[in-house]
Amino acid sequence: MTQRRKQRQKPRQGQEQRETQKTAQKQDFRRVDKYIWELPADFRDDMRVPARLFGDAELFDAAFRDRTAIQLTNTATLPGIVKYALAMPDFHQGYGFPIGGVAAIRRDTGVISPGGVGYDINCGVRLLGTYLEQEEVAPYLEDLTAALYRACPSGVGGKGRVQVSERELDELVTQGARWALNKGLARQEDVIHTEEQGCLSGADPSKVSARAKERGRPQVGSLGAGNHFLEIDVVEEIYDPEVADAFGLWENQIVVQIHCGSRGFGHQVCDDYVKQLQSAVHKYKIQLPDRELVCAPIDSPEGRAYYGAMASAVNYAFVNRQVLAMGVREAFEQVLAGRVQEFDLFQVYDVAHNIAKFEEHEVDGQRMRLCVHRKGATRAFGPGYQGLPPNHRDVGQPVLVPGSMGTASYVLVGTNKAMELTFGSTCHGAGRTMSRSKARREIWGSDLRNELEQQGIVVRAGSNKGLAEEAPAAYKDVSRVVEVVHGVGIARKVARLRPLAVIKG
Amino acid sequence: MSGHFRFEEIEHTADIAIRVRGRDLAELFANAAYGMACQLADPGAVDQTVEHVIELDAYDAETLLVSWLGELLYLGEREECVFTDFELPQVTPTRLRAIVRGGPVEKHGAHIKAVTFSELEIVRTDAGYETTVVFDV
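Residue numbers (numbering that gives the first Met the number 0), protein chains in the order written: chain A, 0 to 504; chain B, 0 to 136.
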């Protein structure tokens with residue numbers, strides 16, 4: 000254990016405030032736009048900036064049925080936060096930050112918080128495009144699903160496609176996608192079409208615990224369980240032909256989505272630092288309304304250590320999805336070689352949903368380097384941004400928004416409006432509305448399986464229970480969430496995907 | 000240990016949360032561990048074939064509780080088993096020693112990624128201690 004024993008009679012952070020905190024009600028928010036609701040900074044003494052919720056009237060109401068509004072108010076208290084604490088329209092209660100939360104924090108005077116990234120560091124989505132139409136794949140869909148299930152290990156504690164030594168793991172997390180490229184597990188085009196080119200700089204494996212490494216070593220190239228999945232989809236509708244063309248998407252095309260993160264490695268990094276930073280909060284005299292918001296000054300040994308470890312987990316996740324993408328290619332070749340003309344897959348894009356990173360944004364007319372926390376939110380950079388691949392630079396960054404199991408997913412494009420309103424961020428998915436336990440009580444996994452199969456969706460899942468927990472009825476309607484971000488302009492619709500086959504742990 | 004309230008599951012939109020009580024810290028910690036085990040598997044179906052001694056230090060009682068449950072998750076993942084029996088001969092707010100027993104399971108329940116500090120506060124009640132634990136799943 001790294002924690003030192005302390006005297007017992009120390010104040011426990013947050014406790015005093017918690018008893019006197021005001022809870023924001025609907026009427027405390029002001030509607031500043033059709034889809035934007037604002038809680039002024041003077042609502043609570045400890046708020047440093049206003050809080051903004053994105054959503055239509057019904058989504059807005061949902062923020063008060065769980066702890067979203069409270070958690071967003073708490074997020075607005077973080078030292079160094081600028082402009083607003085934001086919640087994207089797929090928000091729901093999380094721990095520390097709400098899910099869907101975005102906070103941009105000054106590098107010089109602000110803090111970095113593991114609670115603003117979450118346990119599954121760089122949980123994200125990769126979208127692969129094929130050169131195939133639905134009818135060409137239809138006869139082989141069952142075989143393809145079975146081959147994907149074999150090629151992409153899933154489930155609790157599932158071992159990955161690649162086993163690495165401790166030294167290799169250090170290289171992997173330092174170099175990210177480049178490591179995979181050097182090992183023949185990636186193509187140059189994959190690396191280019193990944194957020195940050197698949198490598199968040201500043202990763203420092205010496206700040207990662209032995210336990211995180213031990214958990215991470217056997218799991219490279221595995222999906223895991225929970226809400227993670229692999230899906231074969233068909234592009235059902237194109238909303239913006241010009242942008243879709245730049246992304247390589249067309250109607251009736253077969254595509255594949257991979258949704259997963261940094262596995263045990265990332266969970267352990269978060270777990271370690273949420274514990275370790277408890278004492279830092281005390282040391283730096285930071286007042287917090289919720290212990291899960293635990294943080295440390297960005298410019299402190301503790302803050303730098305967390306960033307180095309978190310960036311390592313970010314890179315682990317990029318490699319994890321990369322190795323799975325190679326598994327997808329292998330499965331397609333196995334089943335389709337000799338049966339269709341072109342079975343190869345190219346990478347449309349790969350984006351993170353849980354991350355903290357340094358970006359430049361404009362605040363009150365000034366360019367400022369900020370640590371942008373996105374917890375269940377997607378970067379959505381508009382056209383012209385230098386970090387985008389050449390074929391996306393004129394149109395903006397692809398934003399990948401998976402729906403719940405068996406429902407539509409969306410490909411959106413980032414906008415300059417997002418740069419103005421949300422630090423270049425938008426929604427990441429549907430967002431839950433029903434607890435897992437309620438879903439298990441109310442929905443039968445086997446019924447759901449039949450229902451999905453009746454819709455013609457092929458399902459391979461580790462357990463019916465897991466299936467029930469992720470049932471579409473447990474989520475908000477993703478189309479509604481997407482209408483809000485499209486309507487407010489913090490991303491624009493490009494294409495809608497319909498699932499044909501789902502693989503879950 | 001049995002026959003009275005050990006834990007109850009409470010609603011949480013995305014994750015799993017349990018409310019736990021105990022007459023003392025040792026019972027609170029054992030009940031929290033049992034509550035977690037019930038999420039991971041059916042404890043009745045687990046043969047106790049594995050035994051471990053766990054010793055932990057932490058910053059305060061809440062951190063100790065998170066460390067304790069995290070340790071059980073970690074050992075469970077490493078040894079592919081679920082722990083269902085907990086003896087805690089020594090517990091102070093910053094230190095514990097425990098003997099835990101469990102075994103492999105055929106039917107896994109939830110996959111818990113981590114134990115969170117979300118709204119975590121161990122409070123004293125007339126009957127002992129009470130807390131809520133939120134698991135990230």
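Among the clues, some could well be false.
To give an idea of the chain B side of the interface with chain A (calculated C-beta under 7 Å), a few residues [what the hints assert, rightly or not]:
id	residue
1	Phe4
2	Arg5
3	Glu8
4	Asp23
5	Ala44
6	Val49
7	Glu50
8	Thr62
9	His110
10	Thr115
11	Ser117
12	Tyr128
13	Thr131
14	Val136
Here are some chain A residues the structure puts well away from chain B; computed CB gaps all over 12 Å [said to hold, decoys possible]:
id	residue
15	Gln24
16	Ala56
17	His227
18	Pro382
19	Glu468
20 Å max Cα-Cα, derived PhoX-like pairs, lysine-lysine [stated by the list, open to error]:
id	chain 1	residue 1	chain 2	residue 2
20	A	Lys416	B	Lys106
21	A	Lys416	A	Lys33
22	A	Lys437	A	Lys464
23	A	Lys464	A	Lys82
24	B	Lys106	A	Lys206
Hints listed in this document are in silico derivations from the structure and should not be mistaken for laboratory results.
No residue lacks a Cβ here, since even glycine has one placed at the ideal position from N, Cα and C.
Outcome of the hint check:
The interface hint given for B:Phe4 is violated, since its Cβ lies 18 Å from the closest Cβ of chain A, which is over the 7 Å cut-off. At about 17 Å, the closest approach between the beta carbon of B:Arg5 and any beta carbon in chain A exceeds 7 Å, and the interface hint on this residue is violated. Proximity of B:Glu8 to chain A holds as hinted, the smallest CB-CB distance being about 5 Å (cut-off 7 Å). Taking 7 Å as the C-beta cut-off, the interface hint given for B:Asp23 is violated, the closest approach to chain A being about 16 Å.
With a cut of 7 Å, the hint placing B:Ala44 at the interface with chain A is violated, because the nearest CB-to-CB distance is about 14 Å. Interface hint status for B:Val49: violated, as the beta-carbon distance to the closest one in chain A is roughly 15 Å, over 7 Å. Below 7 Å, beta-carbon pairs count as interface contacts, and B:Glu50 has none with chain A, the closest being about 20 Å; its hint is therefore violated. Given the 7 Å rule on beta carbons, the hint for B:Thr62 holds: about 5 Å separates it from the nearest Cβ of chain A.
Interface restraint check: B:His110 against chain A, minimum CB-CB distance 4 Å, threshold 7 Å, status holds. Using the Cβ-Cβ criterion of 7 Å, the hint placing B:Thr115 at the interface with chain A is satisfied: the shortest such distance is roughly 4 Å. Using the Cβ-Cβ criterion of 7 Å, the hint placing B:Ser117 at the interface with chain A is satisfied: the shortest such distance is roughly 3 Å. With a least beta-carbon distance of about 14 Å to chain A, the hint placing B:Tyr128 at the interface is violated under the 7 Å criterion.
The criterion of a C-beta within 7 Å of any C-beta in chain A is not met by B:Thr131, whose closest approach is roughly 11 Å, and the hint is violated. A hinted interface residue such as B:Val136 counts as satisfied when its beta carbon comes closer than 7 Å to some beta carbon of chain A; here the least separation is about 6 Å, so the hint holds. The claim that A:Gln24 is not at the interface with chain B holds, since no C-beta of that chain comes within 12 Å of its own (minimum 19 Å). Its beta-carbon lying about 19 Å from the closest one in chain B, A:Ala56 satisfies the requirement of being farther than 12 Å from that chain.
Distance check for A:His227 against chain B: the nearest CB is about 10 Å away, which does not clear 12 Å, and the non-interface claim fails. Even its closest Cβ contact with chain B, about 34 Å, leaves A:Pro382 beyond 12 Å, as expected for a residue assigned away from the interface. Separation of A:Glu468 from chain B is inadequate, the least Cβ-Cβ distance of about 8 Å not exceeding the 12 Å criterion. Distance check on the hinted pair: A:Lys416 and B:Lys106 sit about 48 Å apart at the alpha-carbon level, beyond 20 Å; violated.
The straight-line distance between the Cα atoms of A:Lys416 and A:Lys33 is roughly 15 Å, inside the 20 Å bound, and the hint therefore holds. Taken as a hint, the A:Lys437 and A:Lys464 pair is honoured in the structure, with Cα atoms around 12 Å apart against an allowance of 20 Å. In summary, the hint linking A:Lys464 to A:Lys82 is not supported, as the alpha carbons are separated by about 42 Å, beyond the 20 Å threshold. In summary, the hint linking B:Lys106 to A:Lys206 is not supported, as the alpha carbons are separated by about 36 Å, beyond the 20 Å threshold.
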